[in-house]
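Going down the list, the sequences are from chains W and A. The numbers in the first sequence follow this note's numbering, run straight up by one, and end at 305. The numbers in the second sequence follow this note's numbering, run straight up by one, and end at 1292.
These are computed hints drawn from the structure, not numbers from a lab. Only a predicted model underlies this, so the values are computations on that prediction, with no experimental measurement involved. Some hints here could point you the wrong way.
Selected chain W positions facing chain A (in silico; Cβ < 10 Å) [claimed, not checked]:
| # | residue |
| --- | --- |
| 1 | GLY50 |
| 2 | ARG74 |
| 3 | CYS79 |
| 4 | GLU83 |
| 5 | PHE92 |
| 6 | LEU98 |
| 7 | PRO106 |
| 8 | PHE155 |
| 9 | MET275 |
| 10 | LEU278 |
| 11 | ASP281 |
So these bits of chain W aren't anywhere near chain A, every CB distance computed over 12 Å [to be verified]:
| # | residue |
| --- | --- |
| 12 | SER65 |
| 13 | ASN69 |
| 14 | ARG75 |
| 15 | LEU78 |
| 16 | ASN84 |
| 17 | ALA109 |
| 18 | PRO151 |
| 19 | ASP157 |
| 20 | ARG168 |
| 21 | GLU196 |
| 22 | ARG209 |
| 23 | GLY246 |
| 24 | VAL286 |
Some chain A residues judged to face chain W by a derived CB distance under 10 Å, without partners named [said to hold, decoys possible]:
| # | residue |
| --- | --- |
| 25 | ASN1117 |
| 26 | LEU1127 |
| 27 | PHE1170 |
| 28 | ASP1232 |
| 29 | ARG1234 |
| 30 | ASN1235 |
The C-beta atom is built at its ideal place from N, Cα and C for all residues, glycine as well.
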Amino acid sequence: MNAITFESVSKWYGEVVALNNVDFTIGTGITGLLGPNGAGKSTIMNLCTGQARPSKGAGKVLGESTWCNYALLRRIGLCPERENYYDDMTGFEFVYWLTRCTGMSPRAARKAALESIERVGMTSRMHDPISAYSRGMRQRVKLAQSFAHSPDVLFLDEPMTGLDPMGRSAIFELIRELGREGKSVIVSSHVLYEIESVTQTIVLINRGRVLAHGDVREVRALIDAHPHSVTVRCAEPRKLATELIGDPNMVNVKFGDDGAVTFYTSDANAFYDRMNVLLADPALGVRSVHSPDDNLQAVFEYLVR
Amino acid sequence: MPIYEQTYKPWDPQYRVRGRWLAVAAQELRIARSAPIYRRLLLLALLPFLICLFILVVTDLMTTNPSALFRNLVRQVQFTNIDARYFKIYLSMTTPFVYLFCLLVGGGSICNDYRNNLLEVYFAKPLTRFEYFFGKLVAVCYVPLGLTVVGSMTLFVLHLILAPASLTEFLSANLWVAPMCVAFSLLLVLPSALLVMACSAMSKSTGWASVIVCALIFMNTASAGVLAEVLDERNLRCLSFVRSIIHMADVMFGGRTWITVPWYYVVAGISTLAMVCALIVLRRIRSVDIAS
């Protein structure tokens, strides 16, 4: 069963169309919800967490509609983008009280809050007031409340905001860990490398429409308008170009400095098959093979811009 | 890659369907308690109870005193009679504290959650909007009902304990006072709390909510008074919320009243106000969809 299913979902606020006839499915593991600011990421999060009702279509999480479905909300966690605290509250209190709201008994909520705070590395500061926290600490506490009640589906809206490099690395690892536990983790971000650090599965949104969803490389392979570029550094770039130029899928070849040659091909798989054979030839002296546009950034740029 | 299966979820006994409003109420009370004025006001609010307790103890001790002099002295001083009027005086003395506590706890109950974007997190949990509303209402009513219901019932029971000789006489004449104390307390506290919550839901800060409540009560009382004077109809004073409460106290505890509006009309008016306020709060909570 898919964790999230959107069937022809539209959502508008007055005259503003936030989502326009959106269809996609998300399975288990980590999925990146990607798009520029105002693309509709937070609206999808709101619809999935029962904060909003679709204006048209049906959005389902774990096979059920989330609107007023309180039994289902127990299985969902949300880490919102905006700050959500009382400044005089301590980090522990914040997580504890919100965990109580899921229906846990005081004892169970205390245990769950302590565990989740420990997982985000805030145990030593959990009894300090939130007003004394840095932005990154606040973000961690907010993250802790989202999974304290052990949800099956976790929505993280821009979870890396304000985190320092160390904090980012720890949270990346935590997200990966949650994904490995079998939870569906949906991470929204407009920062591409953040998403790329945790997953290769994306849903790309722009102006309320889904532009692409699936594995980044699969999505990239479908973009025919932009040939794949592969840069090879070797001792004999011209010889290598001669070997490959006959390929019917080859669109263009460019020579660069330091023995670099960039091939533009419309069929990356066929190109790599041929490259594998040539790599074995010691006369060519291949030092590196690198595809600058086989990443999220390139996919994003091709589809959004 | 492991195969994940999410179709089956075992029953988990640690999750309770009921009582989630308790978390909201407890959290709201915790915030209120952290305000420095809260404890001072609570101590001050105990004064009416302590005064009435003192009167009750002294009266009961003197009444049970074998000396006829003391018994006659108590009968001479009307204020010391423990009857419906005594409980009405107690409730009248606590009324300003009821308003103050409603303002203190309720003023920021909804608007602070709005300002801190907490509704988004609350409603992503399995917490219904009604549970949230009820939790907030319980938190706002907690101290005011404690002062009125618990205070008056304690005095009632204490009188029964301290003056066992007049027990039968007192109960036959004043048994109805106990339910009246509870009814009057609810009539006073619930609409006041809901009014403050509605103002909190419509304003941006605790301060603004308090200003709006005070302005509404002042304008309501003033306009009802002006209308009654201009049209020369004193019953129109019952259009004022405060005046209606005073009138209901007179009616319920058998006091003299110069307004002739039947009590059920007044109760209907107060109930309508309470319901409108509750609808405003619930409507405002629901609009979180649009706000986000």
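Evaluated hints:
1. The closest approach between the C-beta of GLY50 (chain W) and any C-beta of chain A is roughly 7 Å, which is under the 10 Å cut-off, so the hint is satisfied.
2. Hint status for ARG74 (chain W) relative to chain A: holds, with the closest Cβ pair at about 4 Å, below 10 Å.
3. The interface hint given for CYS79 (chain W) holds, since its Cβ lies 9 Å from the closest Cβ of chain A, which is under the 10 Å cut-off.
4. Taking 10 Å as the C-beta contact cut-off toward chain A, the hint placing GLU83 (chain W) at the interface holds, the least distance being around 6 Å.
5. With its C-beta approaching chain A no nearer than about 12 Å, PHE92 (chain W) sits outside the 10 Å limit, and its interface hint is violated.
6. Proximity of LEU98 (chain W) to chain A holds as hinted, the smallest CB-CB distance being about 6 Å (cut-off 10 Å).
7. Hint on PRO106 (chain W) holds. Least Cβ distance to chain A is approximately 9 Å, under the 10 Å limit.
8. A cut of 10 Å between beta carbons decides the hint on PHE155 (chain W): the least distance to chain A is about 8 Å, and the hint holds.
9. Interface restraint check for MET275 (chain W): the shortest CB-CB distance to chain A comes to about 27 Å, outside 10 Å, so the restraint is violated.
10. Using the Cβ-Cβ criterion of 10 Å, the hint placing LEU278 (chain W) at the interface with chain A is not satisfied: the shortest such distance is roughly 32 Å.
11. For ASP281 (chain W), the interface hint is violated, since its Cβ never comes within 10 Å of a Cβ in chain A; the closest pair sits about 35 Å apart.
12. At roughly 14 Å from the closest C-beta of chain A, the C-beta of SER65 (chain W) stays outside 12 Å, upholding its exclusion from the interface.
13. A cut-off of 12 Å between C-beta atoms contradicts the statement that ASN69 (chain W) is not in contact with chain A; the least separation is 9 Å.
14. Not every Cβ of chain A is farther than 12 Å from the Cβ of ARG75 (chain W); the closest lies at roughly 7 Å, contradicting the non-interface assignment.
15. Against chain A, the non-interface label of LEU78 (chain W) is violated: not every CB pair exceeds 12 Å, the least being about 4 Å.
16. Residue-level check failed: ASN84 (chain W) sits 5 Å from the nearest beta carbon of chain A, not beyond 12 Å.
17. Against chain A, the non-interface label of ALA109 (chain W) is violated: not every CB pair exceeds 12 Å, the least being about 8 Å.
18. With 12 Å as the threshold on Cβ separation, the claim that PRO151 (chain W) sits away from chain A is violated: the shortest Cβ distance comes to roughly 10 Å.
19. A Cβ of chain A approaches the Cβ of ASP157 (chain W) within 12 Å, the least distance being about 10 Å, so the stated non-interface status is violated.
20. Chain A leaves ARG168 (chain W) outside its interface by the beta-carbon criterion, the shortest separation being 22 Å against a cut-off of 12 Å.
21. For GLU196 (chain W), the shortest C-beta to C-beta distance to chain A comes to about 19 Å, beyond the 12 Å cut-off, and the non-interface label holds.
22. At roughly 20 Å from the closest C-beta of chain A, the C-beta of ARG209 (chain W) stays outside 12 Å, upholding its exclusion from the interface.
23. Distance check on GLY246 (chain W): its Cβ is at least 38 Å (rounded) from any Cβ of chain A, clearing the 12 Å threshold; non-interface status holds.
24. Against the 12 Å criterion, VAL286 (chain W) stays outside the reach of chain A, whose nearest CB is about 31 Å from its own CB.
25. Interface hint at ASN1117 (chain A): satisfied, since its Cβ lies 5 Å from the closest Cβ of chain W, which is below the 10 Å cut-off.
26. A hinted interface residue such as LEU1127 (chain A) counts as satisfied when its beta carbon comes closer than 10 Å to some beta carbon of chain W; here the least separation is about 5 Å, so the hint holds.
27. Hint on PHE1170 (chain A) is violated. Least Cβ distance to chain W is approximately 43 Å, over the 10 Å limit.
28. Annotation: interface hint on ASP1232 (chain A) violated; nearest CB of chain W at approximately 50 Å, more than 10 Å.
29. With 10 Å as the threshold, the beta carbon of ARG1234 (chain A) stays out of range of chain W, its nearest partner Cβ sitting at about 47 Å, so the hint is violated.
30. At a threshold of 10 Å, the smallest CB-CB gap from ASN1235 (chain A) to chain W is about 45 Å, leaving the interface hint violated.
The structure shown violates the earlier hints numbered 5, 9, 10, 11, 13, 14, 15, 16, 17, 18, 19, 27, 28, 29, 30.
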